[in-house]
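Each chain, letter by letter, is given below.
There are 4 protein chains.
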Amino acid sequence: MSSVQAKLPHPNMLYRFLGNSGLKISVISLGGWLTHGGHTDDDIAFATLKAAYDGGVNFFDSAEEYAGGRAETVLGKALKHFAWDREDVVISTKLYWGRHDDLSLGINDVGLSRKHVLGGMRNSLKRLQLDYVDLVYAHRPDKHTPMEEVVRAFNYLINTGQALYWGTSEWSAEEIADAWRVADKHHLIGPLMEQPEYNLIKRDRVEVEYANLYPKHGLGLTVYSPLRRGILTGKYSSSDNIPADSRAAKEGSWFHDEIVNGREMLDKVAKLRPIAEKLGATSGQLALAWVIRNEHVSSAIIGATSVAQLEENLGAVAVVEKLTDEVVKEIEDVMGTKPTGPPMRY
Amino acid sequence: MSSVQAKLPHPNMLYRFLGNSGLKISVISLGGWLTHGGHTDDDIAFATLKAAYDGGVNFFDSAEEYAGGRAETVLGKALKHFAWDREDVVISTKLYWGRHDDLSLGINDVGLSRKHVLGGMRNSLKRLQLDYVDLVYAHRPDKHTPMEEVVRAFNYLINTGQALYWGTSEWSAEEIADAWRVADKHHLIGPLMEQPEYNLIKRDRVEVEYANLYPKHGLGLTVYSPLRRGILTGKYSSSDNIPADSRAAKEGSWFHDEIVNGREMLDKVAKLRPIAEKLGATSGQLALAWVIRNEHVSSAIIGATSVAQLEENLGAVAVVEKLTDEVVKEIEDVMGTKPTGPPMRY
Amino acid sequence: MSSVQAKLPHPNMLYRFLGNSGLKISVISLGGWLTHGGHTDDDIAFATLKAAYDGGVNFFDSAEEYAGGRAETVLGKALKHFAWDREDVVISTKLYWGRHDDLSLGINDVGLSRKHVLGGMRNSLKRLQLDYVDLVYAHRPDKHTPMEEVVRAFNYLINTGQALYWGTSEWSAEEIADAWRVADKHHLIGPLMEQPEYNLIKRDRVEVEYANLYPKHGLGLTVYSPLRRGILTGKYSSSDNIPADSRAAKEGSWFHDEIVNGREMLDKVAKLRPIAEKLGATSGQLALAWVIRNEHVSSAIIGATSVAQLEENLGAVAVVEKLTDEVVKEIEDVMGTKPTGPPMRY
Amino acid sequence: MSSVQAKLPHPNMLYRFLGNSGLKISVISLGGWLTHGGHTDDDIAFATLKAAYDGGVNFFDSAEEYAGGRAETVLGKALKHFAWDREDVVISTKLYWGRHDDLSLGINDVGLSRKHVLGGMRNSLKRLQLDYVDLVYAHRPDKHTPMEEVVRAFNYLINTGQALYWGTSEWSAEEIADAWRVADKHHLIGPLMEQPEYNLIKRDRVEVEYANLYPKHGLGLTVYSPLRRGILTGKYSSSDNIPADSRAAKEGSWFHDEIVNGREMLDKVAKLRPIAEKLGATSGQLALAWVIRNEHVSSAIIGATSVAQLEENLGAVAVVEKLTDEVVKEIEDVMGTKPTGPPMRY
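Residue numbers (our numbering), protein chains in the order written: chain A, 4 to 349; chain B, 4 to 349; chain C, 4 to 349; chain D, 4 to 349.
No lab work stands behind these hints: they were computed from the structure.
If you're wondering where the values come from, they're calculated on a predicted model, not measured in any experiment.
Please note: incorrect hints may appear among the correct ones.
One copy or any two copies: either way a pair holds, since identical chains are not told apart in the list.
Unchecked claim - Straight line, CA to CA, 27 Å or less: simulated DSS-like cross-link-like pairs of lysine-lysine:
id: 1; residue 1: K188; residue 2: K274
id: 2; residue 1: K129; residue 2: K80
id: 3; residue 1: K83; residue 2: K205
id: 4; residue 1: K271; residue 2: K219
id: 5; residue 1: K281; residue 2: K146
id: 6; residue 1: K325; residue 2: K274
id: 7; residue 1: K325; residue 2: K341
id: 8; residue 1: K53; residue 2: K238
id: 9; residue 1: K281; residue 2: K219
id: 10; residue 1: K188; residue 2: K219
id: 11; residue 1: K325; residue 2: K271
id: 12; residue 1: K281; residue 2: K53
id: 13; residue 1: K332; residue 2: K188
id: 14; residue 1: K129; residue 2: K83
Please construct the entire structure, taking both the sequences and the accompanying hints into account.
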């Protein structure tokens with residue numbers, strides 16, 4: 004589709020059209036999954052938001068679910084504080100994180116019912132102190148709500164000016180194709196973008212399952228966990244090195260298990276370092292550049308607990324053009340995660 | 004369709020999707036047919052509303068016709084007083100009760116004309132002190148207003164954010180199917196739910212007439228009079244027992260006639276008591292549990308003139324799982340009201 | 004179609020559905036063509052409006068063109084003054100009177116362009132001090148504006164809540180059918196009602212040209228000049244009798260010509276008096292009752308320069324049921340204006 | 004299509020329908036391309052706007068791009084100052100000037116994305132101090148934004164009352180036809196008008212490329228540079244005559260090149276003067292009248308740096324009727340710019 008690149012306005016950032024739309028977003032964007040309103044102090048959140056903006060990031064990702072709404076609140080305060088031109092930033096939020104049985108939420112505060120889509124949007128906009136978001140996502144599929152109700156509810160948000168585009172997150176290709184079927188039938192607006200996980204360890208969905216959705220529906224991607232929650236930076240590659248305050252250090256968590264039990268993968272990750280060093284990059288920059296290199300990825304969403312970490316990530320942009328076919332082959336041979344089999348058709 | 008059950012958030016309540024939608028409502032709900040603003044003092048109305056909410060009821064049913072609008076006024080005051088989260092409650096109202104020749108109303112205050120649907124909604128929202136209702140019903144069919152005008156008027160309410168879903172009450176299957184035909188033709192939203200009478204005495208419409216509407220259009224039901232105006236509690240089963248202040252005591256009313264002339268039915272009802280007692284339940288709980296057991300019933304709407312009566316009703320939820328196929332057979336053999344003949348097709 | 008009659012709320016008035024809609028209007032209604040804001044003092048306008056309302060009239064007709072907008076202003080003041088329930092009255096206005104070359108108006112203050120339909124409605128609502136009108140008419144066809152622009156503009160008024168129904172005035176059957184063709188193609192709302200002249204002298208359009216539009220599109224009629232500008236009251240039947248202050252007395256006007264040159268017709272009108280007297284009615288009441296007798300006429304719009312004149316007109320309602328087939332034949336034989344030839348097909 | 008002419012309201016101005024719409028605009032209109040907020044003082048801008056209005060001009064053209072938004076600001080101030088009836092004037096603006104790589108603008112301040120169309124309109128209306136514009140143009144095509152997104156975004160502006168009609172500027176016939184294809188498919192409103200360059204030197208697009216769009220889609224034209232940036236006035240026809248403060252005097256500009264290198268064309272222009280003089284007109288009036296003579300041209304947009312220049316331009320209206328077929332042939336023989344080949348089909 005139209006994944007052309009522009010180098011404006013910031014000289015060290017790349018920008019791409021979000022799928023088959025006219026909206027341009029920076030290839031690296033800042034999310035607030037575990038940081039804004041959560042693990043991170045507001046001061047650090049403000050500092051990383053400013054550093055990101057100053058570094059050419061124009062897309063800031065949020066969700067009603069992140070830190071129970073506090074991520075939106077922090078982002079809203081920052082937007083007000085910095086007073087950036089509303090036209091210059093692309094703000095997103097997401098509705099429904101995918102657990103109908105979440106005991107901490109009201110029974111209709113979950114799902115993609117018209118009630119929650121409208122009510123969730125109303126509350127998100129209040130927290131964000133905005134009249135509209137640029138992007139609104141169905142944060143997870145909802146197998147209990149009819150697709151027509153979902154598509155109509157998101158179209159209501161667009162028709163009433165509360166959002167400019169809508170998309171999905173972690174939907175199957177079949178679900179996305181079904182949403183388009185409903186949209187086409189009723190002359191409604193279909194989902195523009197998906198937000199899947201995508202990185203050197205998890206490739207199948209983006210490269211195989213969605214393959215036909217790019218040419219057919221112009222699907223755009225804003226991917227999360229491009230560094231597989233830090234694993235691809237190599238910082239967990241030796242178990243001695245696990246920082247005491249990192250997520251991996253918490254025993255009993257699934258993430259701890261992935262680190263402890265995933266030695267084979269961590270050993271592979273360790274082998275990325277010499278490749279990165281040859282390019283004058285860190286392992287993390289190499290892994291992030293590899294994600295961005297995929298033309299279907301409009302943006303890779305990173306989290307950042309410090310300005311230094313953020314700036315290292317932004318450095319990945321300069322690495323993209325160094326990823327020759329040879330280097331890519333070298334990386335993929337090390338990882339051995341390239342999907343096999345033909346692209347799926349929907 | 005998708006009548007899955009959830010036990011959230013209140014542990015003693017069941018919740019179901021309203022027909023083929025993503026909206027979840029409690030299987031027992033509170034209506035204001037004869038109580039709010041009518042027979043019952045406001046104090047009692049407030050107390051029963053609170054007890055219902057505390058017992059897990061999230062759906063409160065109203066209508067412009069109930070007590071000439073005062074039911075809505077009382078409900079509106081209570082919602083303001085208790086300040087429940089708007090996302091946590093499902094509020095409904097209904098427009099036009101079905102008498103074009105009602106002398107107490109203005110000539111255009113009846114019917115389902117665009118004028119009355121818009122004007123009635125405007126006045127209902129004022130009385131309820133709300134920006135929108137979750138559900139709005141066409142309280143009766145209107146054979147004088149073209150179906151396209153009706154469907155378009157209810158879609159206007161949804162498009163302008165005054166209601167989230169629309170449905171019907173006491174419409175024939177043919178009328179509901181016709182509304183869907185119009186909606187499909189013009190890409191509009193069809194009626195989601197019906198509000199019929201349904202109980203151990205009156206079963207035909209729900210079980211035979213509507214049979215095909217459940218799979219075809221995802222029709223959901225919120226049924227009224229699940230206890231047949233108290234008859235199924237057994238309190239009228241001996242004519243000696245008719246409470247002096249009950250509706251049945253008023254001579255000349257149709258309800259009095261049903262009690263006095265319906266001895267055969269009352270004798271059957273009396274036989275429900277031993278079945279109920281075996282389950283540790285009252286006759287009313289048994290009858291209500293039997294209604295809820297029907298998976299097409301999203302909610303059974305009860306009235307309550309006291310907190311005690313309400314709490315007895317809520318006890319029916321625990322009886323549902325005791326209704327084994329054997330117990331159900333026993334009940335239905337006693338009543339002899341099971342419809343015969345094949346389901347109707349629309 | 005559904006021209007059922009109701010006798011509510013006023014016992015001496017008849018009400019009919021407006022064409023194939025659920026809106027009910029009184030068979031006699033009050034217009035402000037030459038009176039409100041024009042020939043008549045505001046005091047008299049207020050008095051006749053009140054007398055009409057008290058006599059069961061619920062439909063008040065206006066137009067941006069009448070008295071250069073002052074008819075709307077007077078009606079708006081009266082509605083505010085009397086504070087009638089907005090649901091109890093049906094208010095109309097009309098946009099564009101049909102002269103693109105009217106030198107007194109701005110070049111875009113005429114026609115049915117989107118600019119004038121939206122701008123005209125905005126200004127009419129200001130003069131009427133209302134949020135919406137019940138009915139809005141295209142006061143004349145506009146051969147210069149594409150039909151799709153016209154139909155979309157009136158649908159905009161309905162979609163934005165500024166009007167409930169739209170219709171036409173003095174459009175040909177071909178033009179009305181064309182508007183329906185556009186509406187059907189784009190799933191829009193077609194024109195509900197027409198406002199033609201209709202009386203014992205001018206019958207062709209209503210009885211022949213529109214014949215097929217009643218069953219096919221549910222066209223309703225609100226007719227003007229049911230008394231042919233007073234001629235059918237018989238007051239002009241002797242030239243000696245022409246009141247000095249009547250419209251007919253002004254030499255050079257086309258109306259003067261009609262009176263002076265139309266002696267043959269006036270002689271016929273004179274013969275209506277004995278028929279009327281047999282029924283205990285005036286000639287005017289007879290002629291008006293004859294108009295109302297046509298089931299396609301939802302309402303006959305009268306003007307009134309005095310309360311006495313208005314009350315005489317209202318008396319026509321009681322005459323309708325006296326119009327037996329024999330009496331009607333007698334009337335029509337006298338007038339000799341019955342159209343011949345088959346109904347037209349559109 | 005419906006290029007009828009009217010002489011109202013100003014006796015010396017001609018008015019035409021804008022393409023296949025009911026909107027009437029003066030055949031000469033005033034734009035602010037290089038003047039309002041730009042080269043010209045605000046005092047002069049106000050004076051020319053008033054002189055234009057007084058001379059019967061009812062269409063004032065603007066764009067977000069002109070003088071970086073200041074053209075809109077000046078026009079907005081003037082509209083407020085003169086307090087002309089909003090119904091009497093037709094105000095336009097245009098979104099996106101066609102350079103995705105404009106370094107002076109934010110990355111999403113360009114293009115026809117939904118974000119920019121909605122955001123640009125919001126900012127234009129603020130500068131203009133208006134609730135709506137009559138016309139909004141896509142100032143250039145945007146090959147990077149899908150046509151469906153563009154068409155839907157402009158329809159959003161119309162549906163929300165921010166604009167009455169939408170059109171294009173400098174789009175190819177293929178692009179315009181594609182916009183109509185999308186609009187037809189989804190029952191949306193297609194582009195009404197195009198704003199191309201059109202004059203005695205540049206004729207192909209209007210006369211050949213668009214030929215089929217007039218009958219098929221009712222395309223209307225508001226043309227710019229009817230005098231080819233002053234060249235057709237003859238003021239540059241001798242290089243000695245180039246005014247020191249004119250655009251042509253600035254060395255290195257493309258316009259300077261056109262003047263200096265285009266001697267052959269300038270010699271032809273010089274030959275227009277005797278033809279003009281025979282008609283009692285200036286060369287500029289002759290060239291402008293020739294543009295207006297094309298019935299597909301609803302309006303020719305002029306700029307004016309003085310009231311005198313504006314009034315000379317308005318004088319062209321009177322010349323139109325003097326352009327007999329013989330005179331036109333004489334003009335076209337001199338210029339030799341008549342397109343050859345058959346009209347294009349789209």
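For each hint, the structure was consulted:
1. K188 to K274: The answer is neither: 50 Å in one copy and 54 Å across copies each exceed 27 Å.
2. K129 to K80: both (11 Å within a copy, 25 Å between copies)
3. K83 to K205: Result: close neither inside a copy nor across copies, 37 Å intra and 50 Å inter.
4. K271 to K219: So K271 and K219 fail the 27 Å test inside a copy (35 Å) and across (54 Å) alike.
5. K281 to K146: Neither way: K281 and K146 sit 47 Å apart in one copy and 39 Å across, limit 27 Å.
6. K325 to K274: within (18 Å within a copy, 62 Å between copies)
7. K325 to K341: within (20 Å within a copy, 54 Å between copies)
8. K53 to K238: within (26 Å within a copy, 55 Å between copies)
9. K281 to K219: Classified as neither; 39 Å inside a copy, 62 Å across copies.
10. K188 to K219: Answer is both; intra-copy 16 Å and inter-copy 18 Å each pass.
11. K325 to K271: within (21 Å within a copy, 57 Å between copies)
12. K281 to K53: neither (31 Å within a copy, 69 Å between copies)
13. K332 to K188: neither (43 Å within a copy, 45 Å between copies)
14. K129 to K83: So K129 and K83 pass the 27 Å test inside a copy (13 Å) and across (20 Å) alike.
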